[in-house]
Structure formats: structure tokens, C-alpha cells
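Engineer: Listed here are the chains, written in short residue letters.
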Amino acid sequence: MNRYPLWKYLIIIAALCFGVLYTLPNFFGESPAVQIASVKATVRADTGLLSRVQDILRAAGIEQAGATLETVGLNPTVFVRFRDEDTQKRARDLLEQKLNTDPSDPTYVVAPNLVPRTPKWLQAIHALPMYLGLDLRGGVHFLMQVDLQEAVNKRLQGLEGDVRTLLRDKDVRHAGIAREGESLVIRFRDPAASAQASGVIHDAFADLALREDSVGGDAVLIATLTPAARKATQDNALSQNITTLHNRINELGVAEPVIQQQGSDRIVVELPGVQDTARAKDIIGRTATLEARLVDVSPEGQAAVMGNAPVPFGSEQFTVGRGAPVVLKKEVIFSGQQLQGAQATFDERQQPAVSIELNESAGRYMRKVTRENLKKPMAVVLFEKGRGEVLTVATIQGEFGSRFQITGLGTTQTANDLALLLRAGALAAPMQIIEERLIGPSLGKENIAAGFRSTVWGFVAISAFMCLYYAVFGIVSVLGLAINLMLLVALLSMLQATLTLPGIAAIAFTLGMAIDANVLINERVREELRKGAVPQQAIAQGYERAFATIIDSNVTTLIAGVFLFLLGSGPVRGFAVVHCLGILTSIFSAVFVSRGIVNLLYGSRKRLQSLPIGQVWRPGGAVAGAKG
Amino acid sequence: MEFFRIRRTIPFMRYSLFFNAASALTFLIAVGFLIFRGLNLSIEFTGGTVMEVSYRAPADLEKIRSAIARLGWGDVQVQSFGTASDVMIRLPPRQGFSSGQQAEIVMTVLTAEPSPGEAPECAGLHAAYAEFVKHPQVERTIEASTALLGRQRELAGRCAEMRRVEFVGPQVGSELAYDGALALFCVCIFIMLYLAVRFEWKFSVAAIVANFHDVVLVVGMFSIFRWEFSLPVLAAVLAVLGYSVNESVIIFDRVREHFRTMRKASATEVIDSAITATISRTIITHGCTLMMTVTMLLFGGPALHYFALALTLGICFGVYSSVFVAAAIARWLGVKREDLVKPVKKEEQQVVP
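Protein chains in written order, with my numbering: chain A, 1252 to 1879; chain B, 14 to 366.
Honestly, I wouldn't trust all of these hints.
[Stated by the list, open to error] Distance ranges between label pairs, derived from CB positions:
1. 1310/A x 92/B: 53 to 59 Å
2. 346/B x 1507/A: 52 to 58 Å
3. 282/B x 1799/A: 30 to 36 Å
4. 239/B x 1514/A: 29 to 35 Å
Hints are computed from structural coordinates only; laboratory data are not their basis.
Positions of the beta carbon are idealized from the N, C-alpha and C atoms, including for glycine.
All chains should be modelled from the sequences, with the hints used to inform the complete structure.
Structural biologist: Written as C-alpha cells, this is what we have:
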């Protein structure tokens, strides 16, 4: 009765293989590396940069332990590994100096980083080391509150202008448009005009829900954003803010930034390894603006580009890409605030393009400008910290208004990047930092050490006790506990769940609770022996009777874990994840695996006289279990 | 080896009145402290800034206190953290300061003069830092901050340094407090539901009263001794709540079993025999878990201190309440054999073709 069918052993073996494979990456450690990414929207890190970096290092005789081009988030990044931190520092200084020829206007971010030394074949099956939380690796954490109401207000403000323009264009006479709370109130002297306006607005703006009313004898049309449009506005604002943050944080050269939505109106930013909160905040909180301007094609302007003449009055000089100069007029055609959308698409020849949508007023001005400047170039400039960078220069091919396309971008990648930059140029809604955490790297290391120490010593203490008290069954329990620990670490590594200090504590606590199941079983087996059951029967009965209790106790613990996960945040959520996973692995290893081992040891012995489960004391004074 | 050589049933219930009275009294004391003294809530719940500064030599807390008091920010707490040279400073939230600014100012004030045990070069670093933070954030250049960071790295481990800063806005704080209370409430309700389904309502009420008693006592201890009640501590309390309900479950399981096997015995005798049968297991399992939490308490460092403390206390109270409180309450509620042992329906005899 104490034999497992083959498939149960196979499951155990499969679980062990999984455990070993995914726990393995945690033992390889990390090697110092330098990562290089582009700060400029117009320059991307590519294989060209990779070979350039390798050449620079080779020329200086700096030994490298491997160089790769990987995509981190949206940004391609070059990673170069080194043997030790000394080489890393030398390489970093050298690359900084060689790649950024103009220190006041750096093109690349050259950042030191630690990359896992996991072998390729393990990486291929996504076996990576556990993902450490900020409290373990050091860094900064921000929680930002996005003012979504402001985004809705902005949208309404835009719509107010658009409705005004529309009514004027269609010759509908109104007696004033006002914004009251979240609705636009349009007054009419004439009810007929109200009805006409209703039709016109309905056709032009699907986002507005209209309601007719009358106030003091006047007909009134109340327009509000439809719930769907309101939600879309807020969602767009949030995702646009996230994109903007991404772009800004790339500039910081953080190895693995985390920028995520939390709840409906919050954004979490985690920057591992960053120590200078002040600068991080400065960059995150920066406002960037976007402007479209005409290129100065006058002979004076062109001379200035060649460097033969001063920049003419009313124009300014900017740079495109790797530093090609371009002279633009100071007059702004439209700015980022008037931009309503930018999407990467394809033009009629199936070439990558970016389609742009402006609001009505900007559209009207655009029409005027394009009519007067056919076949002349226009540029889009991104201003950050007072420095402008030209994103694109395109020739005006026709007369157009609020909807148009920028074509001739070459690749879809360029089109995507441009659309992203156009959208992300400015924040869609104001943000405020409502939580901030900075953890020094030395503290992180100490936290890891403290967590590790307590887990190890706790494990040793429990193992010693179990082996002494329950003899062979104790050893089996300890084996089950070790397998539990391995499976838990493997699961955490595979899921890449964030491991925090409370998470490590949860590992320790889970081990303490997992042994509970084994004690329960062993005590039950002893009890059966005490009652006089034969060893084989005692094993079967012990495991069977203990099982219901084990399930009970784990369910209640799981309830606590699940609510901690749902309602907890940050490090506590890390605790809850480990806690819940730990309960699952502990049921598996304490019940299923340990039974497997016991079956393997004793299941096939027909004439088993006693069980080595420590001394089993009987009230009568007789002692069962020979090896007590 | 066997620790517990119990010859006959231990009459746990004989003393239940005494223990219940003691429990009720301590419960009331804990509640009293919670109401009148409240908890020493961490900034996660109250909002504010907390910073940890590490000195090279034991820090002079009085000097630090008076230096910060000169800023006139009101209730600033300065205490040592873990070791004598690590200092934790708690600043109340203040209007007009953005996050982190307060910490920067405090750091400038603290490093204005050399502190004991520092290398002499540190003076230059502190001066540079003070100069750096004087600039409004927009004017700080990448070069300046990199240079400063470089110097900080070179002198790392030789000067006073800021090891950790946490800022929590008041709004987040109250939300976390709300979520915490909600989590506690939900866990209680769901455990009760589970137990009610699994056993019957008398046991479920008894178990939850017993465990609520544990939670109140643990939290009450934090109130009495003014230990810092943080988010991880709340997590520990909830985890312990889930864990120590087990104990009651196990005892109740036995009670049910013994009701079935000991047909002549009274409810009190059944409960006594059930607890006696499980007591060795109870003590061994909790002893093992305690080994873990105690090593955490010993080796886990200051960051895990109160977390491990809450777990340890929770487990101890959990054992006590399962044995002396839960079963006793179930008895007061009048558990009978009929409540647990469902009459077995006699199957009709059938002739099946």
C-alpha cells in the first residue's frame, strides 16, 4: 500500500529538474558591465555602435568579457561585460570620453551596471536569477499621482475652441459658450439654431453627448464628454505620461527602470542603482515642449547653414541628428498643446508615415501656412531644458488642415519613434510625487545578508531538531523542506517576481510553517504506532489522516496571503507573493515528495518490523521503534 | 526521543475559567492602550519623511536633535537604529517642501561640521554637498551631480552618509491605513466563513474570537511598548492570524473525531482529550516556526526586527489562545455531539436488476 505508481515518481523527478534548472541562475553571480544607450531621439544604438565600442576598447587594450546589443524596454542598448570593477570603471571613463565628444551635449548615456553571469543555455529557457526589489539592490522609488481631472479639463478646453470654430464655420448663431464643471453650455437666442447646432456638433464630434435644455427663456445645449470618451481621455493621458517618463528616464541611463501604472491614476517609477534622487526628480519633473516651425530657405538662412554668414534676424539655428545644422524661423506654426494625436501609419504607397491630428484652431492656421509655403520644408522641434532638438524636417506637399501625414521616414521604426516623441513631448496631465524611497546600495547588501543569514540559521536549527527528534523520518522531512526551498526559489526566479526584504522573511517564515506539515505527519505516524499499528499501516494512516489537517491549515494561511497580496503594496506585496507561493510548494513537497521518499525507502519492504521515527513512547512503559 | 510522555488526559478545561478571565483582562488592557495611547505608526501610515544616517562612530543623538530642532519643524524624532552609529530621523510632513527636500536640508545641517570618527577629507565633501543643494533643482548639471556622486563613492564608508530616505504623502498614508484595516477585516471574515463551512458556526466563532484576541494582544503590545507599527508588521500580524487559526482547526478536528469515538464522554472530557492528544504536536510545530522567527529576530538586523517580533509574539499567543481560549469558548457556546457528528443516513436497501 505504500508504493507510488511510476507517474508519481516521474512528476517528482520533473519537479526536481525544474527546481534545479531555475534555481541554478542564482548561483552564477553578476559581472560588472557598462551599458550604452542613446539619449537623443534621433540616434539609436545599433550594431555600428557595438563594433565602434569594441574597437575603442581594443585600441586602448581594455580586456572585455563579451559585448552584446540588447533591447531594454524600447531602447536598444549595448552591453559590454568586464572581468572586474576596476576594468569596468576604466572602460566607462574611456567610452564616456570617446563617445560623447561634446560633454555639454552628450549623445549617449554610458552607465555602469551589473549583469547576471547566467550561461547562454539557461538564458535560452528564461532561467534568470531572482529579481531583487529596491530594498535589496538600492535605488529610488517614486509614486506619482496623475491629475486626470486636469487632462479632462484640457480636453474640454480644446473642444470648447473647436465647437466655437465649428459653429462659426457653419454659420450657426449662438449667444455664448461657457465651461461649467465638466460640461460645455452653449446658449442660443433662437431654438431653431439650437436644433441646427445640435445636428452639426453631433456629426462633427462623436465624443460629445448633447442634451437640450432651456434657461431663462433661452435655448441651451449642454454638451458633455461621453463616458467612453472621458475614459479614453484619461487613459490616453496616463499612457502618454508613462511614455514621457520612459523617454526622460532613458536619459538617466538607469540599467532596468520600472515604470508602471498603479491603480487608475498612479504611476510607479523605480530606478535601481540611482542614488541621486534630486537629479532623478529634476528629470522626471521636467516639462518639454514641442513646436513646428518653417525652415528658413532664404539665401541668408542657407548661408548661415553653410557657416558663411550669421543666422538671420527672426531665425534660429538648431541641429538635426548627429549635428547637421538647420536654420528655422522663430514663428511657431503649432505647438505640442495643440497636438491631439500622432500615430505611426503607412501612406498610400505603403511607406511608413506618421499621421498627425491638430485641434481646429491650429488646423486653420496650418491651412494658411501650407497654402503659402507649398514645397517648402517644415521642421518639428522638441525643447527640453531650453535646448531644442529637431526631430524631423519634411517638405510641405499640399494644402492641409488639422489632419496630415509626415511621410518619407524610411523605416517603421523611425515612424514609431517620431509618433512617440510627438505624443510624449509634453505631459498630458500634471503629476505629483506622493511617495518616495531612496535606499543606499550598502543598505541593500546588508539587507540581503541579514535575510540570508536568518533563513540559513533557521533552516539549520530546524534541520538539527528534526533529525534528532524524528531520526530517518526527520531526515526525510528536512529533505522535503530543502526541496520546498529550492522549488520556491525556482518559482520566484521563473516568474521574476520581485523579491523584497519582507519577501526573504516570508521564505524563512514559510519554511517554518512548511515543517508544520511534516511534524503533523510524523506525529500521526507515531500515534498510529503507539496504538499498535504495523509500520506499513502506520505510514499509510499517518499520511492519510494528516492530509486533511494540512489542507485546512494551509487554506486559512492562504486566505491571509491572498488578501495581503490584494491590498498590500510595495514590499508587503513581495511578502504576500512569496507567502502564497510558499504555501503551494510546501503542500507539494511536504506531502507528495516526502511520501515519495518514504515509499521508496520502506514501501517495498514486506517484513518491516519497526520504523526509524525516533522513540515512540507508550503509556504502558514499553518502547516501540527500535532505533529510538 | 520523545518530549511529551503524557499518561492521562490533562484537564485543560478545569482551569478554563481562570485563563478566560486572564485573557479577558489582558484583552481589555490591550484595547485600552490602543484607544487611549494609540499606535506608534510608521510614516507609511502617517505620512512624512524618514531618513537613516550612518555615522562612523557612535552618534551623539542630543547634538543631532538640537541641530534639527533649530530648523523649527516641530515634532522631529531622532533615535538610534540597530547600532549606536546608525540614526533614524523622522520628520513630520510639512507644507511647502516637496518630497526629499526636507531630507536634503537635514543632511546639510548634520554634515555642516565634522562628526566623530570621520576622515578629514569628508569636510570637503560636506561643503560640496551643501553648495550643491543650494542650487534650485533645475540648475543642477549632470556634471556637478556626477562629480559629487563620484566623490561620495570614493569616500564611501569613511564619512557620514544618508543610507535611506522614505517620503510618504499624507494621502497615501491614510490609504495604506485603510487598506490595512480592510485586509484585516477581510481575512477575519473569510477565515470565519471557511471554518463555518468546514465545521459549524460555534467553532468558527470560537476560533475567530480566539484569534482576534491574539491580534489585539500583539497590536496591543506594540501600543504598550511604543514599538513602531509599520506595514511589514501589519503583514506579519495577518500572516500569524492565518497561521495560528490552524491550531484551533487541528484541535477542533480532534474534538470532532473524539466525539465520534468517545460516545459516553461529556463535551468537557472530549475537549480535554482532544487537546491532550494534540498538545505535543502543537508545541513541536510552533517550536519549529518559533526557531525561524527567533533566528530572524537575532540575525535579521534592524529592518526585520519588529516584523520578526510581531511573528514571534503572534505565534506564542496563537498557541495559548488555541489551547485555552478557542476550545473554552466553543464549550461556553455549548458544543454538542449532535453539532458535529451528522447522523448517518441509512441507505435504503435496493434490489438492482
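Engineer: Please go over all the hints and tell whether each is borne out by the structure.
Structural biologist: Now for the hints, and whether the structure bears them out:
1. 1310/A x 92/B: 53 to 59 Å: Taking Cβ atoms as reference, residue 1310/A and residue 92/B lie about 55 Å apart, which means the hint holds.
2. 346/B x 1507/A: 52 to 58 Å: 56 Å, holds
3. 282/B x 1799/A: 30 to 36 Å: 24 Å, violated
4. 239/B x 1514/A: 29 to 35 Å: Holds - the Cβ-Cβ distance for residue 239/B and residue 1514/A, about 33 Å, lies within 29 to 35 Å.
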